[in-house]
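Throw the hints in and build the complete structure from the sequences for me.
Quick note: the sequence shown, position 65, residue 65 per this note's numbering, numbers continuous.
Hints listed in this document are in silico derivations from the structure and should not be mistaken for laboratory results. From a predicted model like this one, the values you see are computed outputs, not experimental measurements. Don't take every hint at face value.
[As the list claims (entries may be wrong)] Straight-line distance between alpha carbons at most 25 Å, and here's what the computed SDA-like set of lysine to any residue pairs gives:
no. : residue 1 : residue 2
1   : 215       : 229
2   : 241       : 158
3   : 241       : 187
4   : 241       : 209
5   : 145       : 229
6   : 215       : 147
7   : 215       : 169
8   : 241       : 262
9   : 215       : 187
10  : 145       : 41
11  : 199       : 95
12  : 248       : 95
13  : 199       : 68
14  : 241       : 86
15  : 199       : 189
16  : 241       : 163
[Said to hold, decoys possible] Computed spacing ranges between beta-carbons, pair by pair:
no. : residue 1 : residue 2 : range
17  : 158       : 8         : 50 to 56 Å
18  : 210       : 95        : 35 to 41 Å
19  : 8         : 234       : 16 to 22 Å
20  : 54        : 213       : 35 to 41 Å
21  : 82        : 216       : 34 to 40 Å
22  : 222       : 178       : 16 to 22 Å
23  : 181       : 262       : 49 to 55 Å
24  : 75        : 177       : 19 to 25 Å
25  : 103       : 158       : 41 to 47 Å
26  : 261       : 35        : 34 to 40 Å
27  : 75        : 169       : 32 to 38 Å
28  : 56        : 174       : 20 to 26 Å
29  : 72        : 262       : 31 to 37 Å
Even glycine gets a Cβ: it sits at the ideal position worked out from N, Cα and C.
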Amino acid sequence: MPTDPSPPVMPVAVVLICHQDDECGTYLQILRHRQLGRRVVCACFTRGVMGERDETQRNAESIEVLRRLGVDAADIVFAGSLLGIDDQSLIDNLPQAAAWLRAWLVSLGPVEVIYTTAWEGGHPDHDALHVISAQVCHELGLLGKLRQYPLYNSYQRPWQFFRSLYPLPANGPVERIRVPWSLRVRFLSYSFMYPSQLKSWLGIFPFFVAHYIFKGTAQLQAVSLERIAERPHEGALYYEKRGFSTWKHMRARIDEWLGSVPTGAVRFSSSQSR
1 MPTDPSPPVM PVAVVLICHQ DDECGTYLQI LRHRQLGRRV VCACFTRGVM GERDETQRNA
61 ESIEVLRRLG VDAADIVFAG SLLGIDDQSL IDNLPQAAAW LRAWLVSLGP VEVIYTTAWE
121 GGHPDHDALH VISAQVCHEL GLLGKLRQYP LYNSYQRPWQ FFRSLYPLPA NGPVERIRVP
181 WSLRVRFLSY SFMYPSQLKS WLGIFPFFVA HYIFKGTAQL QAVSLERIAE RPHEGALYYE
241 KRGFSTWKHM RARIDEWLGS VPTGAVRFSS SQSR
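Given below as structure tokens:
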């Protein structure tokens with residue numbers, strides 16, 4: 001007796017973040033995918049805290065914001081907690097994080113698009129995740145579906161000043177999507193839903209307000225393996241200015257990991273790594 005065929009598996013949209021508020025760079029994309037009925041899955045690659053501090057509150061804050069965007073709690077994975085990766089430590093855990101991401105992406109089935117943090121020199125974890133995402137997606141034949149979203153960087157900014165939601169020109173053409181005014185207000189209101197990060201958001205929030213008022217767009221760029229052979233931008237990087245890490249350390253750890261990847265890795269020359 002013939003049976004009804006199983007419904008086709010819908011491709012999923014994948015959001016990769018480092019900390020439990022980085023989803024702020026993809027609010028519009030997440031909401032649009034959910035409005036179209038697509039499944040959205042999210043993976044966070046650090047604990048968002050250091051040492052003995054507990055990440056439970058940060059996890060709960062991110063879950064609630066994502067829930068308001070339509071993401072099921074069961075589709076949110078805190079890989080950093082599973083792997084024991086502290087805030088600012090992703091660069092020292094590239095093999096473990098990449099292995100986890102590779103297995104997880106394969107388990108998801110068809111993938112529509114993958115969003116990852118931009119290569120911008122803002123936070124060392126963000127750049128580390130960018131490299132992991134680019135290499136793993138290259139290995140799985142998904143690089144063409146990978147898009148990067150900016151959070152903050154100090155390109156052409158003095159001292160410890162920074163730009164928010166600014167895509168670096170060196171990262172290639174920018175896809176800008178206009179955000180309706182009603183959603184701009186909604187997205188800005190989410191900034192108050194991360195009380196554990198109040199200090200950080202007090203510094204970032206004015207720049208988010210300015211962006212949504214004067215530009216009002218969400219920005220995406222494609223990802224290139226060749227680009228990660230280059231310094232994110234000229235001049236001191238924001239994480240260097242803040243003392244979080246150095247370009248020399250980042251470059252060394254990235255080269256060390258990519259040098260251990262059996263096939264498909266990008267090799268860097270000394271001239272590229274300066």
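Now the hints, each set against the structure:
With a C-alpha separation of about 30 Å, the suggested pair residue 215 and residue 229 falls outside the 25 Å cut-off, and the hint is violated. A hinted pair counts as satisfied when its Cα atoms are at most 25 Å apart, and residue 241 with residue 158 qualifies at roughly 10 Å. The suggested pairing of residue 241 with residue 187 is violated, with an alpha-carbon distance near 29 Å, which exceeds 25 Å. With a CA separation close to 24 Å, the supplied pair residue 241 and residue 209 stays within the 25 Å bound.
Our distance criterion of 25 Å between C-alpha atoms is met by residue 145 and residue 229, whose separation comes to about 20 Å. As the CA atoms of residue 215 and residue 147 are separated by approximately 20 Å, the hinted pair is consistent with the 25 Å bound. The suggested pairing of residue 215 with residue 169 holds, with an alpha-carbon distance near 16 Å, which does not exceed 25 Å. Distance restraint check for residue 241 and residue 262: the Cα-Cα separation of roughly 35 Å exceeds the 25 Å cut-off, and the hinted pair is therefore not satisfied.
At roughly 14 Å between alpha-carbon atoms, residue 215 and residue 187 fall within 25 Å of each other, so this suggested pair holds. Restraint check for residue 145 and residue 41: the C-alpha separation of about 15 Å stays at or below 25 Å, so the hint holds. Of the pairs offered as hints, the one joining residue 199 and residue 95 is violated, with about 32 Å between alpha carbons and a cut-off of 25 Å exceeded. Distance hint between residue 248 and residue 95 is fulfilled; the C-alpha atoms sit about 19 Å from each other, no more than 25 Å.
A distance of roughly 23 Å separates the Cα atoms of residue 199 and residue 68; the hinted pair therefore holds under the 25 Å criterion. Of the pairs offered as hints, the one joining residue 241 and residue 86 holds, with about 21 Å between alpha carbons and a cut-off of 25 Å not exceeded. The straight-line distance between the Cα atoms of residue 199 and residue 189 is roughly 16 Å, inside the 25 Å bound, and the hint therefore holds. For a cut-off of 25 Å, the pair hint linking residue 241 to residue 163 stands: about 14 Å separates their Cα positions.
The beta-carbon spacing between residue 158 and residue 8, approximately 53 Å, falls within the hinted interval of 50 to 56 Å. The hint said 35 to 41 Å for the Cβ distance between residue 210 and residue 95, and at roughly 39 Å that hint holds. With their beta carbons about 48 Å apart, residue 8 and residue 234 fall outside the hinted range of 16 to 22 Å. Remark: the range hint 35 to 41 Å for residue 54 to residue 213 is upheld by a beta-carbon distance near 36 Å.
For the hinted restraint 34 to 40 Å between residue 82 and residue 216, the CB-CB distance of approximately 37 Å keeps it satisfied. Evaluation of the 16 to 22 Å hint for residue 222 and residue 178 yields a pass: the beta carbon distance comes to about 20 Å. At about 50 Å, the beta-carbon gap between residue 181 and residue 262 stays in the expected band of 49 to 55 Å. Residue 75 and residue 177 have their C-beta atoms about 23 Å apart, which keeps the hinted 19 to 25 Å range intact.
For the pair residue 103 and residue 158, the supplied restraint of 41 to 47 Å holds, since their beta-carbon distance comes to about 43 Å. Checked against the given bound of 34 to 40 Å, the beta carbons of residue 261 and residue 35, roughly 38 Å apart, stay inside it. Checked against the hint of 32 to 38 Å, the pair residue 75 and residue 169 passes, with Cβ atoms roughly 34 Å apart. The hinted range of 20 to 26 Å is not satisfied by residue 56 and residue 174, whose Cβ atoms lie roughly 37 Å apart.
Checked against the given bound of 31 to 37 Å, the beta carbons of residue 72 and residue 262, roughly 36 Å apart, stay inside it.
Consistency with the previously given hints fails for numbers 1, 3, 8, 11, 19, 28, ordered from lowest to highest.
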